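Chains as they are written, first to last, in this note's numbering: chain A, 64 to 256; chain G, 64 to 256; chain Z, 64 to 256; chain R, 64 to 256.
If you're looking for bench data, these hints aren't it; they were derived computationally from the structure. Note that the structure is a prediction, hence the values are computed from the model and not measured. All C-beta atoms in this analysis are idealised placements derived from N, C-alpha and C, irrespective of residue type, glycine included.
Computed far set for chain R versus chain Z, every beta-carbon distance over 10 Å:
no.	residue
1	Thr-76
2	Arg-78
3	Leu-98
4	Ser-108
5	His-115
6	Leu-124
7	Gln-128
8	Ser-131
9	Asp-135
10	Asp-136
11	Ser-139
12	Trp-140
13	Ser-165
14	Lys-183
Residues from chain Z that face chain R, not an exhaustive set, calculated with beta carbons under 10 Å:
no.	residue
15	Arg-173
16	Leu-210
17	Asn-228
18	Pro-230
Number of protein chains: 4
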Amino acid sequence: MAGKGTKKERGDTRRRIQDVALELFVRNGYEKTSLREIAEILEVSKPAIYYHFKSKEDILLSIFQDLSRPVDDIISWGRQQPRNLETKQEILRRYSAALEASVPLVRFLRENEATLRDLKVGKEFGQQMTSIGEMLTDSDTSLTDQLRCMSALLTLHFGTFALPNIPGDAQEKRSALLEITMEMVAAAHPEEA
Amino acid sequence: MAGKGTKKERGDTRRRIQDVALELFVRNGYEKTSLREIAEILEVSKPAIYYHFKSKEDILLSIFQDLSRPVDDIISWGRQQPRNLETKQEILRRYSAALEASVPLVRFLRENEATLRDLKVGKEFGQQMTSIGEMLTDSDTSLTDQLRCMSALLTLHFGTFALPNIPGDAQEKRSALLEITMEMVAAAHPEEA
Amino acid sequence: MAGKGTKKERGDTRRRIQDVALELFVRNGYEKTSLREIAEILEVSKPAIYYHFKSKEDILLSIFQDLSRPVDDIISWGRQQPRNLETKQEILRRYSAALEASVPLVRFLRENEATLRDLKVGKEFGQQMTSIGEMLTDSDTSLTDQLRCMSALLTLHFGTFALPNIPGDAQEKRSALLEITMEMVAAAHPEEA
Amino acid sequence: MAGKGTKKERGDTRRRIQDVALELFVRNGYEKTSLREIAEILEVSKPAIYYHFKSKEDILLSIFQDLSRPVDDIISWGRQQPRNLETKQEILRRYSAALEASVPLVRFLRENEATLRDLKVGKEFGQQMTSIGEMLTDSDTSLTDQLRCMSALLTLHFGTFALPNIPGDAQEKRSALLEITMEMVAAAHPEEA
DNA sequence: GATGAATGAGAATTCATTCAT
DNA sequence: CATGAATGAATTCTCATTCAT
Chain A
64 MAGKGTKKER
74 GDTRRRIQDV
84 ALELFVRNGY
94 EKTSLREIAE
104 ILEVSKPAIY
114 YHFKSKEDIL
124 LSIFQDLSRP
134 VDDIISWGRQ
144 QPRNLETKQE
154 ILRRYSAALE
164 ASVPLVRFLR
174 ENEATLRDLK
184 VGKEFGQQMT
194 SIGEMLTDSD
204 TSLTDQLRCM
214 SALLTLHFGT
224 FALPNIPGDA
234 QEKRSALLEI
244 TMEMVAAAHP
254 EEA
Chain G
64 MAGKGTKKER
74 GDTRRRIQDV
84 ALELFVRNGY
94 EKTSLREIAE
104 ILEVSKPAIY
114 YHFKSKEDIL
124 LSIFQDLSRP
134 VDDIISWGRQ
144 QPRNLETKQE
154 ILRRYSAALE
164 ASVPLVRFLR
174 ENEATLRDLK
184 VGKEFGQQMT
194 SIGEMLTDSD
204 TSLTDQLRCM
214 SALLTLHFGT
224 FALPNIPGDA
234 QEKRSALLEI
244 TMEMVAAAHP
254 EEA
Chain Z
64 MAGKGTKKER
74 GDTRRRIQDV
84 ALELFVRNGY
94 EKTSLREIAE
104 ILEVSKPAIY
114 YHFKSKEDIL
124 LSIFQDLSRP
134 VDDIISWGRQ
144 QPRNLETKQE
154 ILRRYSAALE
164 ASVPLVRFLR
174 ENEATLRDLK
184 VGKEFGQQMT
194 SIGEMLTDSD
204 TSLTDQLRCM
214 SALLTLHFGT
224 FALPNIPGDA
234 QEKRSALLEI
244 TMEMVAAAHP
254 EEA
Chain R
64 MAGKGTKKER
74 GDTRRRIQDV
84 ALELFVRNGY
94 EKTSLREIAE
104 ILEVSKPAIY
114 YHFKSKEDIL
124 LSIFQDLSRP
134 VDDIISWGRQ
144 QPRNLETKQE
154 ILRRYSAALE
164 ASVPLVRFLR
174 ENEATLRDLK
184 VGKEFGQQMT
194 SIGEMLTDSD
204 TSLTDQLRCM
214 SALLTLHFGT
224 FALPNIPGDA
234 QEKRSALLEI
244 TMEMVAAAHP
254 EEA
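With these hints in hand, go ahead and build the complete structure from the sequences.
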């Protein structure tokens, strides 16, 4: 244990950069967050950041890839399931849980879409959403039913960020929201209900 | 007709700046659009832009205020109606129409939230959304029913931008989407249905 | 009298530009005063200003030449007098009076020396001061006596602007200041006293 | 000696920026000196300047604070002395010496008053002058005597910059000027002389 | 692992001035 | 007499990034 507990844990810097960066990205947006600011808060020099990450974009990408693994897992899992009501509802349940664990990141991705569009992270995030969307819609059902399923996803996703505007207990609101999306996909599968 | 059709229509510049600006804002985002770029496309000098608008933000604000008047009208109208199912559905219908007329602007507002947060335009847009949200929710009903109404709005709003991902005729998809939101608020008003 | 008393007196504009310009020059400095600002206060267009004056510098020059005529008169008069104590004291008396009438302008000239150095107005003002200085000093007297006379002028000139820092009645302070300069030149003319 | 004399001495840049800046400030005035010009003369890029100073104003402030310390010392010292003729004369002697060491800076401060008024440096300089003025005047003596002391300061201060206009040896003129101010304060203290 | 120093590129904005009408 | 519209030139400043040590 000797040597531990010194001012900064060894190998910690990379993680600390990610933490501070995410916080600033969320609070001020990607473009309005400068590496100078990050460096100042961490009390390290700017080149120190470049030692750990090869660019500003790379910091964001690493954060995204660390946090978005659960969603990738949902997608892998979902692809191996039969595409029925049961599966769709389970996907929404799992997505809701995954979302909850990374609200700040996802809020950030949402609020900076225009900026991230040209970045790798933007593309990867977009693909995730598209993949989940595809797993929820059957192209051989009615347009309305397809939209119902898509809307369920949108409701879950964007509803999560609108919840703070409504009074009530956070967990309760979460469940209620999930409940509503369950109903929405159910309505798109009349025969299975 | 004499004198018309000259290189640049008189008094046109202000409008042309707004048009080009909106186009670039939508395509590249607010921060990544520079006044130099706008000026170059219009083949005018940068100060020419400053003659018509006092700042970059001011260009955006003027665009927003011009295009968002219909939404203001909806809000004024809605406030004078009884808050029942009928009204809510009419609000959604009208909002859907208003949205349709300014899809590019609203997409832009959505995709640049982080950037616009500190700008007047961000605040005004936020207030509009809040106002519409309030008109759709009754604080004395169940949490689930409140969320149903809120989700209807989110579905309509965000669904509009997700539609291109689904195959089918644009107008048809629009109506289907609106239809779904109608169901959602209806579900929140069991006794009135 | 018909036609008078309309919103703006005819031919008045030139004078009004000078007035507003001087006020802004004094308050904010020459460089920090823009023609836009002047035009806005007067509620005229910028080209209207260019109708009356050929440049920003020209506005200042016209103000200076109008207000500095009394000093030119002192110089003309002084050059025709014998260069003795009597004359010098009379010059200081007259300069004090002239100064009093145009305190704002002279304060402005003082506080913007660096800026005005390259301008015609700076050169003309400098020549005036040099001329008065020359009339007060005899190059065939002792260095100390020359400095005494020079200092009398500086005391009068700069003292005028330092007076507000000292409590007391304005007119009284003025006379006291003049009195001191009288003593100073008198000390430089021991035989004549 | 190895390693010395390379193109640019290490750690030198900050000082070199101050030197060049002061030179240009003095020669052309604060507003007419651009950072581009400073950078060009030093053959560095503009951001290099911003690495060492956070703004243009900050460059000036750093110069002022470095050079004005002697005057601060005089003020501290003076405040602990009895306020009599002896002290006042010593203050003037010390101020004359301090002034001599930083003639270019003080000339600059004088010639750019209007510009510097809104800047921190302007306020700090103003306070210095006010403090010295206060140490030279007793509010319980006659108005004329107060003015005599004040004028002594003005004579010393402004006379310094008028001296080049008078022929003679620089050091000699300096002493003569100081001598005159000594007489002026002495005249304000008849009983102590 | 880390830093001091520096850079190229580019941003928004302001100004005095002009010209056609 | 006056204006609407526009311009060339310049300004301060910020950013992501790099390199020698």
